[in-house]
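Enquirer: Chains as they are written, first to last, in the working numbering: chain R, -13 to 247; chain U, -13 to 247.
If you are wondering where the hints come from, they were derived from the structure by calculation, not from laboratory data.
C-beta: ideal position from N, C-alpha, C; glycine also.
A portion of the hints provided could be inaccurate.
Covered stretches of chain R (in silico footprint by chain U; criterion: 3 or more residues with CB under 8 angstroms from a CB of chain U, positions within the stretch not fixed) [said to hold, decoys possible]:
{"hint": "1", "region": "120 to 129"}
{"hint": "2", "region": "148 to 159"}
{"hint": "3", "region": "218 to 224"}
{"hint": "4", "region": "235 to 244"}
Some, not all, of what chain U presents toward chain R, calculated at C-beta under 10 angstroms [claimed, not checked]:
{"hint": "5", "residue": "Glu(-8)"}
{"hint": "6", "residue": "Pro28"}
{"hint": "7", "residue": "Glu31"}
{"hint": "8", "residue": "Pro92"}
{"hint": "9", "residue": "Pro94"}
{"hint": "10", "residue": "Gly96"}
{"hint": "11", "residue": "Ser148"}
{"hint": "12", "residue": "Met155"}
{"hint": "13", "residue": "Ile217"}
2 protein chains.
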Amino acid sequence: MLTKAEITRLRSLREKIHREAAGLFVVEGTKVVGELLAAGFPFLEIYATAEWPVRLAGAGKGSSRSPKAGANPAAIIRVTAAEMARISHFPTPSPALAIGRISREPLPPGVLNGGLSLALDGIQDAGNVGTLLRVADWFAFDRVLLSPDCADLYSQKVINASMGSFARMTVHTVSLADALAGCTAPVLGCDLIGDSVHALPPLRNAVLVIGNEGRGLSPDVAARVTRHVTIPGHGGAESLNAAIAAGIVCDNLRRTLAVAQ
Amino acid sequence: MLTKAEITRLRSLREKIHREAAGLFVVEGTKVVGELLAAGFPFLEIYATAEWPVRLAGAGKGSSRSPKAGANPAAIIRVTAAEMARISHFPTPSPALAIGRISREPLPPGVLNGGLSLALDGIQDAGNVGTLLRVADWFAFDRVLLSPDCADLYSQKVINASMGSFARMTVHTVSLADALAGCTAPVLGCDLIGDSVHALPPLRNAVLVIGNEGRGLSPDVAARVTRHVTIPGHGGAESLNAAIAAGIVCDNLRRTLAVAQ
């Protein structure tokens, strides 16, 4: 039986300000909770109705946010459907609601000089941020950087859209201009004007920056870009969706690396 | 002053069954109405409050659905904000609501043998269908085919997500298995297993088929595919979003054609 205070606490996590204050986030839904458990994400608590089969899943790659893949330490708290309806953020509650700890990982100095990083500069649509985590995961990027004005990594929409990649990718929220200062790896800016993405040389180490859906790259980040790359288009559309553009550049980066091997 | 019957008629168009019966569709919003006018889409009626500046825009590429780019024949009907609130489908009405004619274009025999076609096999998310129209437009594909179980082309969400490409692309709703029977151009199926998209030969004529978000290609369409292509992935994500996968294959098709020229 949940107390009124517990219900209030759980409901409050739908808002970013309360998530930040508590250092906790919430996700709801059998699919997303299952995806994160499968990826080894260490939830603190899982509220579940009798409909939800307790599967102490935990076989996953692990990541910096899921250090102990294989052992799911979450406390399973059985609730009634009526209790779930009170703690749920949705009009149609699901059988599972999970609480995880927010971790903000500092960016180790010099880390951007090695491997492939995807940096998101003011991507405000939560679905786009989640989809971009999935793109970075598909192409085995080493990390994702979010500028502070991106959609909140710990919002349900971002986590849902990432299809589990949230638990597998290492993500840092940082000032991109500061992080890119002194970066010795090429900084590629995806833009409407630049070198064709088909002419990229093989790059083992690089940072790919994707700008805001409407405004593109912010001026202080654009100043750190060492190579603007563009996707040759031929038709009437003015631009491509940010996540599609990122996917195409990532594919070209992987293609040129494979050719060079 | 709108009559009650007019208000009922306009409101009914939010549902596909009423759109089909009337042969009409509705879009709302300054941005989307402006985008379609700019692309030369011949609306029948535009309901506008005093906030909406009448711009008889019409400079666009034109398409089979906008045959008379340059001349916008729409009747502009001024309404009050209160009237707009009654005809709008949204809780927050916009200053412009436009009515257009639904046109279902038959697929001319043999047309798939020439040029590049994008075929969507049961893409059910309206945002994905609209984004895929935008991808086809960016890469100057000649046409888009929708299977009958795709999201409705004339829904507001599809049209919004297309960012104007709805008015520029020629779209046919057809049984894909029937349309692909007898097609002499290569039929590429985007799949998790197949030849690497990086190894595609230059193809001047091809049909690229994108399957349902969860199920992939339907069996009767997969039977018509002459070459399964896959996007090399290296990380933990199980799949890519359908529109991102399509964008990557389109980019590779255009890249190999450019190299061959």
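Enquirer: Measuring from the C-beta of methionine 155(U) to each C-beta in chain R, is the shortest one below 10 angstroms?
Expert: holds, 8 angstroms
Enquirer: Holds or violated: isoleucine 217(U) as interface residue toward chain R, Cβ cutoff 10 angstroms?
Expert: The hint holds - isoleucine 217(U) has a Cβ within 10 angstroms of chain R, the shortest such distance being about 6 angstroms.
Enquirer: Are there three or more residues in the region 235 to 244 of chain R whose C-beta lies within less than 8 angstroms of some C-beta in chain U?
Expert: With 5 residues closer than 8 angstroms to chain U, the region 235 to 244 of chain R meets the three-residue bar; holds.
Enquirer: Test coverage of the region 148 to 159 of chain R by chain U using CB-CB distances below 8 angstroms; three residues minimum.
Expert: n = 4 at 8 angstroms, threshold three: holds.
Enquirer: Can proline 28(U) be said to touch chain R, with a Cβ gap under 10 angstroms?
Expert: This interface hint is violated because 17 angstroms lies over the 10 angstroms limit.
Enquirer: Tell me if the interface restraint on glycine 96(U) is satisfied: Cβ within less than 10 angstroms of some Cβ in chain R.
Expert: violated, 23 angstroms
Enquirer: With a cut-off of 10 angstroms, does the beta carbon of glutamate -8(U) approach a beta carbon of chain R closely enough for the hint to hold?
Expert: Violated - the Cβ of glutamate -8(U) stays beyond 10 angstroms from chain R, reaching only about 33 angstroms at its closest.
Enquirer: Min Cβ distance, serine 148(U) to chain R: is it shorter than 10 angstroms?
Expert: holds, 9 angstroms
Enquirer: For the hint on glutamate 31(U), just tell me whether its beta-carbon gets within less than 10 angstroms of chain R.
Expert: violated, 25 angstroms
Enquirer: For the region 120 to 129 of chain R, does the count of residues with a C-beta closer than 8 angstroms to a C-beta of chain U reach 3?
Expert: holds (count 8)
Enquirer: Can you tell me if the region 218 to 224 of chain R counts as covered by chain U, using C-beta to C-beta distances under 8 angstroms and a minimum of three residues?
Expert: holds (count 7)
Enquirer: Interface hint check: proline 94(U), Cβ to nearest Cβ on chain R, cutoff 10 angstroms. Holds or violated?
Expert: violated, 21 angstroms
When the structure is compared with the earlier hints, violations turn up for hints 5, 6, 7, 8, 9, 10 and for no others.
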